[in-house]
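Add chain B to chain A, keeping to what the hints say.
2 protein chains.
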Amino acid sequence: MSAKPDIVTAAVLVIGDEILSGRTKDKNIGYIADYLTAIGIDLKEVRVVSDDAAAIVDALNSLRTKYTYVFTTGGIGPTHDDITADCVAEAFGVALEFHPEAMAILKERLAKTGGELNEARLRMARIPRGAALVANKVSGAPGFWMGNVITMAGIPAVMQAMLDEVAPKLKTGTKLLSETIRADAKEGDVGTELGAIAKAHPEAIIGSYPFIDEKHGPNTNIVVRSRDAEKLAVVKAEIEGMLEKVKAQLSAVR
Amino acid sequence: MSAKPDIVTAAVLVIGDEILSGRTKDKNIGYIADYLTAIGIDLKEVRVVSDDAAAIVDALNSLRTKYTYVFTTGGIGPTHDDITADCVAEAFGVALEFHPEAMAILKERLAKTGGELNEARLRMARIPRGAALVANKVSGAPGFWMGNVITMAGIPAVMQAMLDEVAPKLKTGTKLLSETIRADAKEGDVGTELGAIAKAHPEAIIGSYPFIDEKHGPNTNIVVRSRDAEKLAVVKAEIEGMLEKVKAQLSAVR
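Chains as they are written, first to last, in the working numbering: chain A, 1 to 254; chain B, 1 to 254.
Mixed in with the good hints, there may be bad ones.
No copy is singled out in the list; a pair is fine if it fits within one copy or between any two copies.
Taking lysine-lysine pairs in the DSS-like style, the calculated list, with each CA pair at most 27 Å apart, reads [stated by the list, open to error]: (1) Lys107 with Lys137; (2) Lys25 with Lys4; (3) Lys215 with Lys236; (4) Lys4 with Lys137; (5) Lys245 with Lys199; (6) Lys175 with Lys236; (7) Lys245 with Lys27.
Just so you know, the hints here were simulated from the structure itself, not pulled from any lab data.
For reference, chain A alone in the conformation it holds in the complex (with noise of 0.2 Å):
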C-alpha cells in the first residue's frame, strides 16, 4: 500500500447519572468500539457525562472539533432528565423544534401500542433545526444526526439498531489490521526487546497486555496493528523471532 491510508475517527459521548451512579452497568461502550473497529473508523476517546446540561454542551463542543464524528447514547425519552436533544440543539446554537416527521412516527407508534401523545412524549418528538432523523426499528422514537454528531438511545438494543441504520452512511477509513500473538512469556521478561521493535516500527502500534493463564500463571498476549498488511506481517514476524530467542535464553539460564 503505497497511498497514504485514510483516518476516519470517532468520540463516543454516554450521557447519563446512572452510569456515573453505578446503577446501570454500560453496555454500550463496547459494542460501539467493536463496531466502529470493524468498519474502519478508530474510536479514538469516550466521555460518560451527568444529565447536566453544562457538562453535556461542553462535552459536544470539545468532541465534535476534534473528531470526525461523534455518537452520544442516552437522555432521548419522554423525561424530564432526558435533555440530550437540548444539549445538541445548544452546542450547534440552533432551536430544537418540533419535528413533524417524528411526530408522525410517534403518532403512528401510539396508534398500535396505545397510549397519548402527551406532553411527555411529545418530547421525543423536539429535533435540533436541521437534524436529520435516525430511525429506531425497535419503539419508535427516532434519534438524530446533526452535523457530525449523532444522537441514539441509551438502550442498548435500540442504540444497535440504530447504529445499523446510520452504519451504511458513515465516511470510513482504510481499516486498523490487528494480529494478536500469545507470548507465553511474563510480560517483563519480554519487554525491554518489544520495546526496541515498537521503536523502529513506529508505522505499527504494538500493545501488550498481561493475562492469567490457568494453566501457566503470569502471560501476555501481544497485539500488533496496522493498516498496511504487509508491514503487520513483518512485524508480527520480527517479535515471533524475537519471543523464541528471549525465551531459548531464559530456560538456559533458569
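This is chain B only, laid out in the frame that chain A set:
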C-alpha cells in the same frame, strides 16, 4: 439535616487502546462507580483515552482541576505502551524517578516468582517525584497517589486491591441516598407528572429509567436521590401518590 452537605467529587480516566479498539471490555468503570457511590464520593465524569501522551496529559489536567479526585486505570506495566507514570509526571511538571521503595517491592517480588529486574520491569519503579505509593497486594508493582490523582492498574483484580488500599485515606462527603420506585407504567404515561414533581423539588435528583418487563412489557424504574433522608422520603411519597393517580386515570380511560 440543616447543615450544608459535604460534596466530594471524582472522575475516572481509563487509559488504553485496547478498550477503544473493543478488544478488551472495560470492567473497572462500573466497579469504581459503585464503590465511590457507596463511600460518599460522587463520580461526575469518566473518560477513556488511547495510549497517547498528549491525550492522557490533556485529560489529566482537565479532570484534576475540576474534581476532588481523579482515578486512573491502566498503563502502569513494564512495556513501552505503559506511559501513565510519564504522563502524570508531565501533567504535574515533576520529574519521573526510580522510587527506592518501589524498587525494593519489585526485587522482593522477583525473588519469590523468579525473573530479573531488567529494563522493562524497572519501568514499574518509575514514580513521579512527590507521589506516595499505593500497595498492590495482588502482583507487587505499586500504583501511586500524586496530588489529587490516584494511578491504578488496569487489571480489575489489581485495580480493586489498590482501591481498597486508598479508600480509607480518601475524603468522603455526605452520601447520596437513593430509592427506586417501580412505576408499573410506561415512561411516556407518567413523564409529564414526574417532570412537575422534579421541578418542585430541585434538591432531589429524579431519574427515570425505562426497561422491558418480561411479563407486562414497557415499564419504568424511577430513582430518587438526595443527601437528606427526610427529603428523600417526602419526594418518594409524592411520586408514589402521583403514580396511583395517573394509573387510576389511565385504567378509567382504557
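Need the list of violated hint numbers for this structure, in ascending order. Of the numbered hints given earlier, those the structure breaks are 2, 4 and 7, listed in rising order.
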